[in-house]
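Given the coordinates of chain A, assemble chains B and C onto it according to the supplied hints.
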Amino acid sequence: MANGTTAVPGQTAQIDFYNVKGKYKGILSWLLTIDHKRIGLMYLVGVVFFFLTAMILGVFMRLEMLSPGETLMKPQTYNSLFTLHGVIMVFLFIIPSVPAVFGNFFLPIQIGAQDVQFPKLNLMSWYLYVIGAALAIISLFSGGGIMDTGWTFYVPYSLRTTTNVSLSVFAAFVLGFSTILTGINFIATIHRLKCPGMTFFKMPLFCWALYATSWIQVLATPVIGITLILIILERFFGIGVFDPTLGGDPLLYQHMFWIYSHPAVYIMILPAMGVVSEIIPTFAKKPIFGYTPIAMSSLGIALVGYLVWGHHMFSSGISDTSRVIFSLLTFLVALPSGIKVFNWVATLYKGSIEMTAPMLFTMLFIFIFSIGGLTGLVLGALNTDLHLTDTYFVVAHFHYVMFGGMGIIFFASLHYWFPKMFGKMYNEKVAKVTAYWIAIGFNTLYFPMFIMGYNGMPRRYYDYLPEFQTYQVISTIGSWILVSGILTMFFNLFMGLKNGKKAPDNPWGGTTLEWTISSPPPMENFETIPTVTRGPYDHTYIHGKEEKLMQ
Amino acid sequence: MSTDNNNHSAEGEDEGHIAVAHHPSYGTNILVWIGLLSLTSITVAVAGINLGSLALTVALIIATVKSFFVMNFFMHVKFDNKVLKIFIGVCLLIFIIVLILTFFDLTFRY
Amino acid sequence: MSKPTDTASASEEIHVVHIHRDDFGSKMGMWLFLFTEILLFGGLFILYAGYRFIHPDGFAAAAAELDVLMGAINTVVLLTSSLTVVLAIVALQKNNKKLCFFFLWVTIACGLLFLLNKYFEYSAKFHHGIYPKGPALQDMSEGEVLYFGLYFVMTGLHGLHIIVGLAFIGVVMWQIKKDLITSTNFQKLENSGLYWHLVDIIWIFLFPLLYLIH
Chain A
1 MANGTTAVPG QTAQIDFYNV KGKYKGILSW LLTIDHKRIG LMYLVGVVFF
51 FLTAMILGVF MRLEMLSPGE TLMKPQTYNS LFTLHGVIMV FLFIIPSVPA
101 VFGNFFLPIQ IGAQDVQFPK LNLMSWYLYV IGAALAIISL FSGGGIMDTG
151 WTFYVPYSLR TTTNVSLSVF AAFVLGFSTI LTGINFIATI HRLKCPGMTF
201 FKMPLFCWAL YATSWIQVLA TPVIGITLIL IILERFFGIG VFDPTLGGDP
251 LLYQHMFWIY SHPAVYIMIL PAMGVVSEII PTFAKKPIFG YTPIAMSSLG
301 IALVGYLVWG HHMFSSGISD TSRVIFSLLT FLVALPSGIK VFNWVATLYK
351 GSIEMTAPML FTMLFIFIFS IGGLTGLVLG ALNTDLHLTD TYFVVAHFHY
401 VMFGGMGIIF FASLHYWFPK MFGKMYNEKV AKVTAYWIAI GFNTLYFPMF
451 IMGYNGMPRR YYDYLPEFQT YQVISTIGSW ILVSGILTMF FNLFMGLKNG
501 KKAPDNPWGG TTLEWTISSP PPMENFETIP TVTRGPYDHT YIHGKEEKLM
551 Q
Chain B
1 MSTDNNNHSA EGEDEGHIAV AHHPSYGTNI LVWIGLLSLT SITVAVAGIN
51 LGSLALTVAL IIATVKSFFV MNFFMHVKFD NKVLKIFIGV CLLIFIIVLI
101 LTFFDLTFRY
Chain C
1 MSKPTDTASA SEEIHVVHIH RDDFGSKMGM WLFLFTEILL FGGLFILYAG
51 YRFIHPDGFA AAAAELDVLM GAINTVVLLT SSLTVVLAIV ALQKNNKKLC
101 FFFLWVTIAC GLLFLLNKYF EYSAKFHHGI YPKGPALQDM SEGEVLYFGL
151 YFVMTGLHGL HIIVGLAFIG VVMWQIKKDL ITSTNFQKLE NSGLYWHLVD
201 IIWIFLFPLL YLIH
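First to last, the sequence lines map onto chains A, B and C. Using this note's numbering, the final residue of the first sequence is 551, and nothing's skipped along the way. Using this note's numbering, the final residue of the second sequence is 110, and nothing's skipped along the way. Using this note's numbering, the final residue of the third sequence is 214, and nothing's skipped along the way.
Looking at chain A on its own, in the form it has when it is part of the complex:
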């Protein structure tokens, strides 16, 4: 851990937040902390642990798919594996990751505040995350066995299966609460704690992204909350609302589920896009192109994201009228995302590009996410969707946007903010190699899935026709490349933590407020609350000296 007390050029002399003495010592100084930075790091431990866990489940899934029929495990086990893989990835990794880790750590700093609006509530969010995770783990070993419904818990099967649906669904409910409280905290923080001079339109775009995300968290999560409660009540008391034998409509369940779960994917991607809007100006050494459109598009995506959930139900049996309307709205939501991609690329034009590891991850993201987004349009069109729905095409699409999109930016964020969070540098060369390695593994794993899906390979199927085997094998080999790349990446970061060079305050030449304080930051972030007069990406140089004017 960085010492932070020696004054070195480029490094502020202050006690960093790891070494400050508070009311508690040792592990309690973490478990009872209300410091947003420590809470962010505690989330980091959690999300990385669950990411690796679900990743290993994925490895086993791919091993099973090496050959048709039984390869390693029985069909029931396979069903449980993909259910668990989905539940863990969605609820314990993707949704919390960027907001809970990097949002918690950097939102207050980027707006010039000393903490979030409700620090104790922030700690409670973390505990709810831990409790939800614990309940999910307990559900694996109790009741009737591991859930096998798929992460979507569709009725009527989720009402009938004897596996442990109730406890897992309750775990998801608790996790939802954690998300809601974080959302409330961030909205209040952004409204109330911006430093003098920091208007909404001088905020970094990462903060805009977190703002839009928080609104989705607050308004969408309760809908799945009540839906999950209803599943439990239905299983125990036979309420009837979702049970066809009692008059319930399974499609109404699907509506309620996707009314949350579609906006949820925007909870996943918006913060990641916010990070991209931070990384690109820093390494192109020029202001972001189209600050206001990008900020507004974050809000636009959040709003329109509420209107498209029916595209998950095109073949479920909903009315033709609603299918046409949802398809049209789905096309609309691509527009604000497109605005972002164009603006990012335009920022690169005439920039002085420094291809560091975070920048490389980000460039790979733009390529991979674009493929994911475009294939989303293929799925959003009614006629093509009817052929591709519930096939591997969908699986490839969402892995491209969720993993290739949000996941890769999670890695990019780790590399970008690593020096600031830990006060050390990692090995840049190795990091860049792992970036390419991961990209190659990723595409090898998932691209064949587009082809398989197009040719009719259904998703969540344990068995398949021999004609698909070549692609399945390529895909599995891709998973080995990907996983080895990811593990090497984490190992490189870990070595940086242990042996890395001490990091200066501003290793990248960034212009947002986190780069004006020490690496790692002091306990209260700022000795005095800053006053801001310029925009967040103002890379102007003082005449004669190459000294950047910080925001």
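Only pairs whose alpha carbons sit at most 25 angstroms apart, straight line, appear in this in silico PhoX-like list of lysine-lysine:
{"no.": "1", "chain 1": "C", "residue 1": "188", "chain 2": "C", "residue 2": "97"}
{"no.": "2", "chain 1": "B", "residue 1": "82", "chain 2": "C", "residue 2": "188"}
{"no.": "3", "chain 1": "C", "residue 1": "177", "chain 2": "A", "residue 2": "120"}
{"no.": "4", "chain 1": "C", "residue 1": "188", "chain 2": "B", "residue 2": "85"}
{"no.": "5", "chain 1": "A", "residue 1": "25", "chain 2": "A", "residue 2": "498"}
{"no.": "6", "chain 1": "B", "residue 1": "78", "chain 2": "C", "residue 2": "94"}
{"no.": "7", "chain 1": "A", "residue 1": "432", "chain 2": "A", "residue 2": "502"}
{"no.": "8", "chain 1": "C", "residue 1": "188", "chain 2": "B", "residue 2": "78"}
{"no.": "9", "chain 1": "C", "residue 1": "178", "chain 2": "A", "residue 2": "120"}
{"no.": "10", "chain 1": "A", "residue 1": "120", "chain 2": "C", "residue 2": "188"}
Because the hints were derived from the structure by calculation, they are not lab data.
Coordinates of chains B and C only, in the frame set by chain A:
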């Protein structure tokens, strides 16, 4: 902390740290309560009249008016910072949109 | 706020966390939480709307089993409790702690009366075999079964929120007694009022939708 001229106070961002008791009066609140009780009686009375399909609309309108009074007076939204009113609007908008879109399915399927 | 001034003494100085008072921020936080409650019940209202649209006659028939008078009394009771919680705030702002406590006790009494009424209503239903998977429901149409499923979930969830609201007010009363909430520092009391009013508003919609279908 609130001396910077650039900081737009349109949302009153710098204000409100210490809540000010604004115009407390027992009377206004009691008047609102009487209004709410009257609207409740109207709701029950109207339910007895056979209005057919209009009955639901009337009941919902009256309920909305009652909620409007509870929100604006009892919950003080009328006197609160504009930002809260915008928030409430956003919340209700999302709920209504979701309800309408769900009905695009139901009305054409049943 | 305390900050380390020079490095030598900084390592011995215990860091004190300073939390600033921000009443509007606190109110904003409570409102954001109320939005989650609105959407939570909102999901149930959407299901209600859908099933009522599909089974208008079943819903009407089932609703006839409910006692309109009980429902109306409960509505009046909650509206009154909303009034008294506001009057309690006004009283505290005018530095009349005693009157404030009186109004808060009336609020709690109203809440308990509401719960008592619901207990009578539920008991009557159970006695007649009207509950999910109950004997009376076996002979009912789909619409009626769905109606009662929703009836119990919606009023049950609402009742749970009444209990939470009462607990919240109870805690606030204790804090007023301990002078943690005063005539110049009353945001927590207002927040408990906000929660209570929302529970009232939900019932304002539940009453006509559940009791007054014809």
